[in-house]
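Asks: The opening residue of the sequence shown carries number 583 in our numbering; numbering runs sequentially from there.
Treat the hints as calculated values from the structure; they're not laboratory data.
Predicted model, so just to flag it, every value in this text is computed and none were measured.
Hints are supplied without guarantee of correctness; some may be wrong.
Said to hold, decoys possible - Simulated crosslink set (EDC-like; lysine to aspartate or glutamate; CA at most 16 Å straight-line): (1) 783 <-> 644; (2) 753 <-> 717; (3) 656 <-> 778; (4) 735 <-> 649; (5) 735 <-> 635; (6) 640 <-> 666; (7) 783 <-> 799; (8) 735 <-> 787.
Said to hold, decoys possible - Per label pair, the in silico range of CB-to-CB distance: (9) 655 <-> 796: 37 to 43 Å; (10) 679 <-> 626: 17 to 23 Å; (11) 794 <-> 691: 34 to 40 Å; (12) 794 <-> 626: 19 to 25 Å; (13) 763 <-> 590: 22 to 28 Å; (14) 803 <-> 699: 35 to 41 Å; (15) 669 <-> 590: 16 to 22 Å; (16) 589 <-> 786: 44 to 50 Å; (17) 679 <-> 808: 21 to 27 Å; (18) 759 <-> 641: 33 to 39 Å; (19) 688 <-> 623: 32 to 38 Å; (20) 654 <-> 693: 27 to 33 Å.
Even glycine gets a Cβ: it sits at the ideal position worked out from N, Cα and C.
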Amino acid sequence: MRYDQIKADFYITMDFGNTNPNHLRIPVWKEYIDWTDCGIIRENTEHSLRFGEFYNLKKLKEPQGFDFLKKPRKIALFSSHLNEPRSSMYRAFKNHFSIDGFGPYFNKKIKNHNESFFFKKNILENYAFNLCPHDSIYPGYYGEKIPDAFLAKSLPISWADKNINKDFNEKSFINLNDYMSDEHSYKEIIELMKDDNFLKKYTQEPLIINNIDLAKEINFAKKIISML
Numbered sequence: 583m584r585y586d587q588i589k590a591d592f593y594i595t596m597d598f599g600n601t602n603p604n605h606l607r608i609p610v611w612k613e614y615i616d617w618t619d620c621g622i623i624r625e626n627t628e629h630s631l632r633f634g635e636f637y638n639l640k641k642l643k644e645p646q647g648f649d650f651l652k653k654p655r656k657i658a659l660f661s662s663h664l665n666e667p668r669s670s671m672y673r674a675f676k677n678h679f680s681i682d683g684f685g686p687y688f689n690k691k692i693k694n695h696n697e698s699f700f701f702k703k704n705i706l707e708n709y710a711f712n713l714c715p716h717d718s719i720y721p722g723y724y725g726e727k728i729p730d731a732f733l734a735k736s737l738p739i740s741w742a743d744k745n746i747n748k749d750f751n752e753k754s755f756i757n758l759n760d761y762m763s764d765e766h767s768y769k770e771i772i773e774l775m776k777d778d779n780f781l782k783k784y785t786q787e788p789l790i791i792n793n794i795d796l797a798k799e800i801n802f803a804k805k806i807i808s809m810l
């Protein structure tokens with residue numbers, strides 16, 4: 583839902599480009615960071631139970647390293663559906679790489695991601711690549727998929743709009759939005775992913791290069807309290 587579909591005094595959403603002074607953007611992935619150093623102690627959330635832990639911000643700011651190059655050149659895909667364009671992506675890569683699927687779409691016994699009975703990070707330890715496209719493209723809608731892969735030392739292969747570089751270092755992952763073609767779907771990037779020289783450039787890149795803290799969130803909370 584977009585923020586203005588519900589009437590409220592204050593809004594906290596993932597949307598970019600919002601000029602409402604009573605709106606605060608918190609990207610989905612930021613909720614999954616371990617904020618213990620800031621005095622915020624939390625029980626495990628649905629995502630930390632799914633991935634296996636909260637995000638270590640320090641590791642997100644460190645280069646990916648060579649670990650993913652040492653793994654089998656296979657692709658892992660976690661999904662509850664294969665709606666387009668995810669279905670076309672899956673078919674295109676399946677013709678050139680071994681892809682293993684996990685989640686409700688591939689295992690009908692799984693009711694939802696939160697009852698998968700596995701830690702995502704443990705599975706990704708065995709895959710060089712993680713095909714992790716977002717469900718849709720919308721400025722600001724960047725979830726857990728890319729950080730999950732990055733922290734598990736698996737190269738993220740995502741699909742998102744260009745504004746994702748406001749959150750993540752675009753040199754640290756593959757964005758399929760840069761390689762879409764009507765004639766030869768993803769042919770260019772598929773061939774590049776077979777080239778070690780191309781892949782090595784990702785080893786030196788951190789996922790996050792911006793300063794990440796809770797200053798805006800704290801100030802927004804103070805604003806709400808002051809207006810009660």
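Asks: Okay, residue 679 versus residue 626 on CB: inside 17 to 23 Å?
Replies: violated (33 Å)
Asks: Check whether the Cα positions of residue 783 and residue 799 lie no farther apart than 16 Å.
Replies: Violated, at about 34 Å.
Asks: Would you mind confirming whether the straight-line C-alpha gap from residue 656 to residue 778 stays at or under 16 Å?
Replies: holds (14 Å)
Asks: Residue 640 and residue 666 were given as a pair; does the straight-line alpha-carbon distance stay at or below 16 Å?
Replies: This hinted pair is violated, its Cα atoms lying about 35 Å apart.
Asks: 33 to 39 Å was suggested as the range; check whether the CB atoms of residue 759 and residue 641 agree with it.
Replies: Between residue 759 and residue 641, where Cβ atoms are some 26 Å apart, the hint is violated.
Asks: Decide if the proposed pair is consistent with the structure: residue 783 and residue 644, CA atoms, cutoff 16 Å inclusive.
Replies: Distance ~14 Å between residue 783 and residue 644 Cα, so the pair holds.
Asks: At the C-beta level, are residue 803 and residue 699 separated by a distance inside 35 to 41 Å?
Replies: Hint holds: Cβ distance 36 Å, inside 35 to 41 Å.
Asks: Can you let me know if the beta-carbon spacing of residue 654 and residue 693 is within 27 to 33 Å?
Replies: holds (29 Å)
Asks: Are residue 669 and residue 590 spaced within 16 to 22 Å by their CB atoms?
Replies: The hint (16 to 22 Å, Cβ to Cβ) is violated, given that residue 669 and residue 590 are roughly 36 Å apart.
Asks: Holds or violated: 32 to 38 Å for the Cβ distance of residue 688 and residue 623?
Replies: holds (35 Å)
Asks: Do the Cβ positions of residue 763 and residue 590 conform to the proposed distance bound of 22 to 28 Å?
Replies: violated (42 Å)
Asks: Against the 16 Å threshold, does the CA-CA distance of residue 735 and residue 635 hold or violate the hint?
Replies: Measuring from Cα to Cα gives roughly 14 Å; hence the hint holds.
Violated hints, listed in ascending order, are 2, 6, 7, 10, 13, 15, 17, 18; each of the other numbered hints is respected by the structure.
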